[in-house]
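Sequences are here, hints too, so could you generate the full structure?
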Amino acid sequence: MCGIVGYIGGRPAAPLLLEGLRRLEYRGYDSAGVGLHHAGAIEVVRASGRIAGLEAKLQRLNGSASMASIGIGHTRWATHGRPSEDNAHPHVSEDGKVVVVHNGIFENFLEIRAELERRGVRLRSQTDTECFPMLVSLLMRDGLGFAQAFRAAIGRVRGIYAILCMHADHPDQLLLTRSGPPLVFGIAPGEFFVASDVTPLLAHTRDVVFLEDGDIARITPHGVTIEDKSGRVVERPPQHIEWDAEAAELAGHAHYMQKEIFEQPQALAGTLREYMEDGEIDLELPFAREELQRLERIAIVACGTSWHAGLVGKFLLEQLADVEVSVDYASEYRYREPIVRPNTLAIAITQSGETADTLAALREAARRGAHTLAICNVRGSQATRQAEGTLLTYAGPEIGVASTKAFTTQLLALTLLAIELGSVRGKLDRRTRAELIAGLRELPAQLESVRALEPRIQALAAEWQNAKSALFLARGPLYPLALEGALKMKEISYIHAEGYPAGEMKHGPIALIDDELPIVALMPVDVHRDRTLSNLQEAAARDGIIAAFVSAGERALDRVARHVFELPRTPAALAPILYAVPLQLLAYHLAVLRGCDVDRPRNLAKSVTVE
1 MCGIVGYIGG RPAAPLLLEG LRRLEYRGYD SAGVGLHHAG AIEVVRASGR
51 IAGLEAKLQR LNGSASMASI GIGHTRWATH GRPSEDNAHP HVSEDGKVVV
101 VHNGIFENFL EIRAELERRG VRLRSQTDTE CFPMLVSLLM RDGLGFAQAF
151 RAAIGRVRGI YAILCMHADH PDQLLLTRSG PPLVFGIAPG EFFVASDVTP
201 LLAHTRDVVF LEDGDIARIT PHGVTIEDKS GRVVERPPQH IEWDAEAAEL
251 AGHAHYMQKE IFEQPQALAG TLREYMEDGE IDLELPFARE ELQRLERIAI
301 VACGTSWHAG LVGKFLLEQL ADVEVSVDYA SEYRYREPIV RPNTLAIAIT
351 QSGETADTLA ALREAARRGA HTLAICNVRG SQATRQAEGT LLTYAGPEIG
401 VASTKAFTTQ LLALTLLAIE LGSVRGKLDR RTRAELIAGL RELPAQLESV
451 RALEPRIQAL AAEWQNAKSA LFLARGPLYP LALEGALKMK EISYIHAEGY
501 PAGEMKHGPI ALIDDELPIV ALMPVDVHRD RTLSNLQEAA ARDGIIAAFV
551 SAGERALDRV ARHVFELPRT PAALAPILYA VPLQLLAYHL AVLRGCDVDR
601 PRNLAKSVTV E
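Quick note on the numbering used here: the sequence shown kicks off at 1 and runs consecutively.
Just so you know, these hints were derived from the structure itself, not from any lab.
Take these hints with a grain of salt, some might be off.
[What the hints assert, rightly or not] With a straight-line Cα cutoff of 27 angstroms, these simulated DSSO-like cross-link-like pairs (lysine-lysine) come out:
#1 Lys490 / Lys506
#2 Lys314 / Lys490
#3 Lys314 / Lys97
#4 Lys468 / Lys506
#5 Lys229 / Lys97
#6 Lys314 / Lys468
[Stated by the list, open to error] Label pairs and their calculated CB-CB ranges:
#7 Ala52 / Asn343: 50 to 56 angstroms
#8 Glu242 / Arg124: 39 to 45 angstroms
#9 Val233 / Asp172: 18 to 24 angstroms
Beta carbons are placed, not taken as given, at the ideal position from N, Cα and C, and that holds for glycine.
As structure tokens, then:
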């Protein structure tokens, strides 16, 4: 969840590290720091709070430290120890020579800490990370060289981690390793850049190398040597990233979330271009046609917003492909002894491709005999390397913590998969398939048209900005959108919200309805329309404040809802993609009006790489 950066080359490192940390601040933002190698020593500068505090301190650097051309940096999302300067990274050994930044958790740090204290080492922070440079230093005192001590220390820690390390007596050298959380380095003429993901690298290079689990890399100005977990030298070919640096900039928008909401038409169009041409879908799945025809069950594993995408996928896959689908929280899947029958496909949905729980669930499904498929936004990420096949979403970099375009492109990928499976399995008739293909072609333009609703949604947010709670209601494949709308409201505006199937309202939530409760209703024209209308009339009879999102031309709610927003008509299976956008805009404008940090909501991080 934390952000790691590193640089070695011919330019001053401090501004490059600071720039990289700004691009990674979505991964953690309670403290930050850098370590700069200069004149045979390492200068460490740390600050609690946002990157701006660190920047102010770095501006006071002078002399050789300001010109140091090798350094490491970190922006933190606290796991061990409260946010403070003492707990900020980098962490340093007692002699000040070994300096480390770390993402992840050392599960046995208390054991190592006790050993260090028995040997007279004085620890200064509450973190698990500090044990690592102390351990490396101790092993070097026992006679090991820097690289040997680094590998030996890796062998001593348990847990998941990405680590970047340097030593005052070993100039022009960075050591890095990973086991779980991502770590990637970029290659440019005469210089190398290290980061937790590709976003900070794009301004400098698009040729990157993703480390595999257990890899240990040594970077010098002259090149890179990578050893695998057995100590064998290996080659990891560079991958070329298609995103450009401009795609990760604000481009005149007030927040990344706002920019990414409005980028959804392009994101969907890009994903459609990749997989569909002239009405034909080609997902390039690595499974034989006969294997897909024999599928008896699909198990979807995901977390958060991706789990909601999986719930929509369940509706689509069961309806269009006639295959049984289960959807599990990835954090629960491997702990419940899941049953994996023959002819099962496990689908992991993850924006980053590095979500720890999702990767663990995918491994468990594979261990039990399932075929595996990843739906992911990052080429070369761990999920794409772990699964047998991948459906990449072409959303581009998503910086805002609250997922927007990654979610709708996940829905699109699941829709394409459902259509393809339905066709291969002979369950989808030609007419329905043609209607869905036509609807998919219209989706980017329809999403663009939803932008016209923004002023009215902003006015609705102004009316609701002091609400204490809200209720989201829908049926069928729109029910997961009710959950997603409630999640968006909770995570960025800090208003408590719940999503429910409209038919469940009478089984509890109706007790909450009064003349102060905002209710968001999703009611496209589909088989659930009349029943949803009946449920909303019950809510209106109890004075609920209803804002309804309906199909264009729908008049049934004009006297029931206080606010009615019309969306373009689209096949029912595609409605979740369309109806996601106004819910994102509502959460966004509520957060802005309430003075919340839209892109970096409290206590959250973009990529959850620890359990």
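Tell me the hint numbers this structure goes against, listed in increasing order.
Violated: hints 3, 6.
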